[in-house]
Amino acid sequence: MQGMETPENLSSFAENMSYFDRGLEQAFAWLSGNIGTFLFIIFIGLSTIFVARNVNLLMENYFKSASRRLHMDTTSFRMFRHIVVAAIYFVGIIVVIFSIPDLRSLSVALFTGAGLAGIVIGFAAQSTLSNIIAGLSLALFQPFRVGDRLNIMNEYGKVTDLNLRHTVIITWDNRRLIIPNSIISNEAVINWTIEDPAVIWPIQVGISYDADIDQARKIMIEEARKHPNVMPPQELKYSVMKPSLIKSETLKTGFFDSPVLHAVDPDFRERGEVKVHVAELGDYSVNLRLLVWFKDRNIAYGSGCEIREAIKKRFDKEGIEIPYPYRTIVYKTDIEKEKEAAKKFASGKGNPENV
Numbered sequence: 001m002q003g004m005e006t007p008e009n010l011s012s013f014a015e016n017m018s019y020f021d022r023g024l025e026q027a028f029a030w031l032s033g034n035i036g037t038f039l040f041i042i043f044i045g046l047s048t049i050f051v052a053r054n055v056n057l058l059m060e061n062y063f064k065s066a067s068r069r070l071h072m073d074t075t076s077f078r079m080f081r082h083i084v085v086a087a088i089y090f091v092g093i094i095v096v097i098f099s100i101p102d103l104r105s106l107s108v109a110l111f112t113g114a115g116l117a118g119i120v121i122g123f124a125a126q127s128t129l130s131n132i133i134a135g136l137s138l139a140l141f142q143p144f145r146v147g148d149r150l151n152i153m154n155e156y157g158k159v160t161d162l163n164l165r166h167t168v169i170i171t172w173d174n175r176r177l178i179i180p181n182s183i184i185s186n187e188a189v190i191n192w193t194i195e196d197p198a199v200i201w202p203i204q205v206g207i208s209y210d211a212d213i214d215q216a217r218k219i220m221i222e223e224a225r226k227h228p229n230v231m232p233p234q235e236l237k238y239s240v241m242k243p244s245l246i247k248s249e250t251l252k253t254g255f256f257d258s259p260v261l262h263a264v265d266p267d268f269r270e271r272g273e274v275k276v277h278v279a280e281l282g283d284y285s286v287n288l289r290l291l292v293w294f295k296d297r298n299i300a301y302g303s304g305c306e307i308r309e310a311i312k313k314r315f316d317k318e319g320i321e322i323p324y325p326y327r328t329i330v331y332k333t334d335i336e337k338e339k340e341a342a343k344k345f346a347s348g349k350g351n352p353e354n355v
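Here the sequence shown is numbered in UniProt numbering, starting from 1 and rising by one per residue.
Misleading hints may appear alongside valid ones.
What follows is a list of derived Cβ distance ranges for each label pair [unchecked claim]:
#, residue 1, residue 2, range
1, W172, I200, 14 to 24 Å
2, K275, E318, 16 to 26 Å
3, Y62, E280, 21 to 31 Å
4, F141, E318, 51 to 61 Å
5, E306, Y89, 48 to 58 Å
6, F268, G302, 20 to 30 Å
7, P232, V168, 42 to 52 Å
Derived by calculation from the structure, the hints in this document are not laboratory data. If you're wondering where the values come from, they're calculated on a predicted model, not measured in any experiment. Each residue gets a CB set at the ideal place from its N, CA and C atoms; glycine is no exception.
Please put together the full structure from these sequences, using the hints given.
Next up, the structure:
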């Protein structure tokens, strides 16, 4: 019968149970003989977690209270905090390893064959080690810092964290982009915040070929000037010997913010000027490009959209057309009819009005 137990199944079950019983006996024997070591391992594990979490919390609270007075660099501090916490966990693991005799003898054997073990571990942890080295490099050379706004991997966002493994960027639509440090260190990055956050923002508007370009330019400049986020006209004096300076709100070097002001690039010392250029003579429109200054990239996109809307409403009032694309559709049957009419006209049989 299908539901009856065969002698083979019963013997296999009994054999498995005997293996299980022997395993339990060995486990209880080890615990009874090493109860002190077992309790010590639990104590070290819990102590390591407790110390690491509290050190992390204390360092975070210290940074919040001291950053106002010492101007501490967020990026360098966070990397230092991650390293300290990782070191605490590493010390706890080492203590646990050397508290177990079998693991201690194994670790001694590994250190004895450190060359081969290093090669094996290096290949196994290649990705992790590359991320750690890249993270330390990013924290040291600082192509971007925590709080900077970047364009990277076709995304725009704000850097919220840089740790030993990855960088966290919160995008404009509130997504968290987590990029391994080894990848982000090899990417081309547009940093909108570093040194000088002011930005020239382009706004494209197309007008019809019949519209007055000078009138359209005047309207676009007037509407841009009305917007509160557009920078007023200003010129920062620059000389080779003593360049003009901007107050450093974002420049940070090393563990502390630099109290030194940074120089203005001489090519961009004139700020707040609003310009309109004829960017392209398109298929159906004259494309004008409005260039305006904003204090930083964070407000540029939204303000640009508002200015574009104001220009559209003003164009409607002033009668300046923003044209639709024009397309001429020719049917094949119409072409054949025109050819037949042309032949008849050439032979003198057709009506000239049909050609």
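CB of E306 to CB of Y89, is that within 48 to 58 Å? holds (50 Å)
Falls inside 16 to 26 Å, the C-beta gap from K275 to E318? Because 20 Å falls inside the window, the suggested range holds.
Please test the hint of 14 to 24 Å on the beta carbon pair from W172 and I200. Check passed, 20 Å falls within 14 to 24 Å.
Range first: 42 to 52 Å. Now tell me if the beta carbons of P232 and V168 are that far apart. violated (36 Å)
Evaluate the given range 51 to 61 Å for the C-beta pair formed by F141 and E318. holds (52 Å)
Is 21 to 31 Å a correct range for the gap between the Cβ atoms of Y62 and E280? The hinted range 21 to 31 Å is violated for Y62 and E280, with Cβ atoms some 56 Å apart.
Lying within 20 to 30 Å: is that true of the beta-carbon distance F268 to G302? Between F268 and G302, where Cβ atoms are some 23 Å apart, the hint holds.
Violation of the numbered hints given earlier is confined to hints 3, 7; the remaining hints are satisfied by the structure.
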